[in-house]
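Quick note, the sequences are listed as chains A and B, same order. Using our numbering, you'd call the opening residue of the first sequence number 1 and step up by one each time. Using our numbering, you'd call the opening residue of the second sequence number 254 and step up by one each time.
Worth flagging that the hints you see were computed from the coordinates, not collected in a lab. In this text the structure is predicted, and so the values were computed from the model without any measurement. Any given hint might turn out to be false.
[To be verified] Below, a list of computed lysine-lysine pairs in the DSS-like style, where the Cα atoms sit at most 25 Å apart:
1) Lys306(B) with Lys183(A)
2) Lys119(A) with Lys315(B)
3) Lys244(A) with Lys317(B)
4) Lys27(A) with Lys450(B)
5) Lys317(B) with Lys529(B)
6) Lys377(B) with Lys12(A)
7) Lys119(A) with Lys377(B)
8) Lys12(A) with Lys450(B)
9) Lys377(B) with Lys11(A)
10) Lys4(A) with Lys388(B)
11) Lys317(B) with Lys4(A)
12) Lys46(A) with Lys306(B)
13) Lys377(B) with Lys4(A)
14) Lys27(A) with Lys4(A)
15) Lys529(B) with Lys183(A)
16) Lys377(B) with Lys27(A)
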Amino acid sequence: MELKNYLSGWKKLLYEGQEADLGLSPKVSELYRGFVRDHYREILGKVYTRLDECHPCPWDEWAQGYFREYPPYAWELNHLARHFPDYLEKNRLVSEDLVDLARYEWGEYVVYSHRGSPKAWAERGRGGQGDPLYILNEAHVLLELRFDIAGWIFHWERENGFAPLRGRPSPKSNILVIARDEKTGNCVMTLCDIFHVALYEALSTGPSEGQNERTFHLAVQKILGERVRFTKSEFREKIAFLEKQSIFYRRTP
Amino acid sequence: MENAEREVAADPRSFLGVGAGLRLEHERGIFETSHHIDWFELISENFMDYGGKPRRAIANLKGKYPLVCHGLGLSLGSCEDVPPDYCEALRELLDFTEARWFSDHLCISSSLKHHYHDLLPILKTEDSLEKTIHKIRWIQRFFDRPFAIENITYYGESRHHTMEESEFITRLLAETSCYLLLDINNVYVNEKNLGHKAKAFLTRLPSDRVIQIHLAGHEQRQDFVIDTHGSAVCEEVWELYEWYLKEAGRPINTLIEWDNNLPPFETLDAQVVRAKGVLEKLFPGVSS
Ligand SMILES: [Fe+2]
């Protein structure tokens, strides 16, 4: 048998769910099919632990359906869980609040594992002529949620520690940024107001050459338009808060 | 590290002792207790392209313990190129960890742009051997670091094979300068599932090319013994390990693989102590 036929045999068996001439018994073929599916189930269970705590998840069934709709496209196993919130929503498998919870859990995973901005972290507080003053911490995600997931989890953990999550979140549209505190490796949550979003947007376009507090203030103000104005001290206060929340690093020019 | 130095560090004759797989759950145990682990092996894909806590764990270990990287994404048995982003991320990790050597399984883990995240058996034919040799040579050139292949477990013998696994591995080692990561548990599991005689298989392999041994646990599930890495090494595998070291006539870097169903750190350490006991019995003074 030629190697290329053997390789397409595996693809047929494991992806297309068809019989393939691999020269193996049906029992062995089924065992391998099970292994590949089990990886999906395991990874979903690992990333979406809170979802599993507050809603009985039929992982076998969901993993099979998810595998069919989003077959493994990446070498990084954990990344395969990325589209699961979309899968839940599209197939109406859970209510909207739990879809939001799943988005939150994926966001947490991304931030936990992200390569981050090691250079900006190492150089924080330092700087030189022409250095940008503010550098976005790449280890972050911005989520637009319909329910107060962060508040729900925060209050639950404050009262109950790490006991399995119970209850439901209250409806509340919010923009949540999850960023990683490089010092501890922990995720920091920030509920964003309009100013934060504008500031965040200004940072997302990338630091520009020679950017400083004044030019940055102008950039943020431009995004906000005429209706919302911030004084210099208000601007500084907001910025200090977001820096504390690990959303960006600052260099001293 | 210069190439020459790397070669020396990875020479099978330079004995590192007994190691364990690095698990972040065991980080406190590693740094806050006195234990017997001499070196650590990282699952490459669990650290490649990662920052945060996983990366910090490596930074903390580096310089204190020798590190090696063990992956499953190179898919040695499929003839296709390795994805460039995978190669870059692995190369970065090998540099960051200052890995003494790195290894992957003699298996198919992806092909035709599909990723299986599992270890599928290679096709043992002349055509497949030739392509695997070609791929390993490419890997050695690209990564420029000592490389080892690991024998895997498999659960059925395809009737399309035209050669024995031991012949495939021996010829592969002869045609490339790569090393062998010999998983004794896998050999044992293959004997249980397929009836391949473990000792006969082991004696056919060139022991001077073995850079590392894996010891792990397995599980009986219905009709198969499954290589789960989720329990302690069984008595039969300990016996086979001791027998093999005696045959090889030299101490070999040994690693306890325990990836699933993680035990308390002390239990893992006890497995390391047991492996050291076997080495010490056969080669007195080797652990000191
Ligand atoms: Fe192994």
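Starting from the hint list further up, note which numbers the structure goes against and sort them upward.
3, 7, 8, 11 and 15
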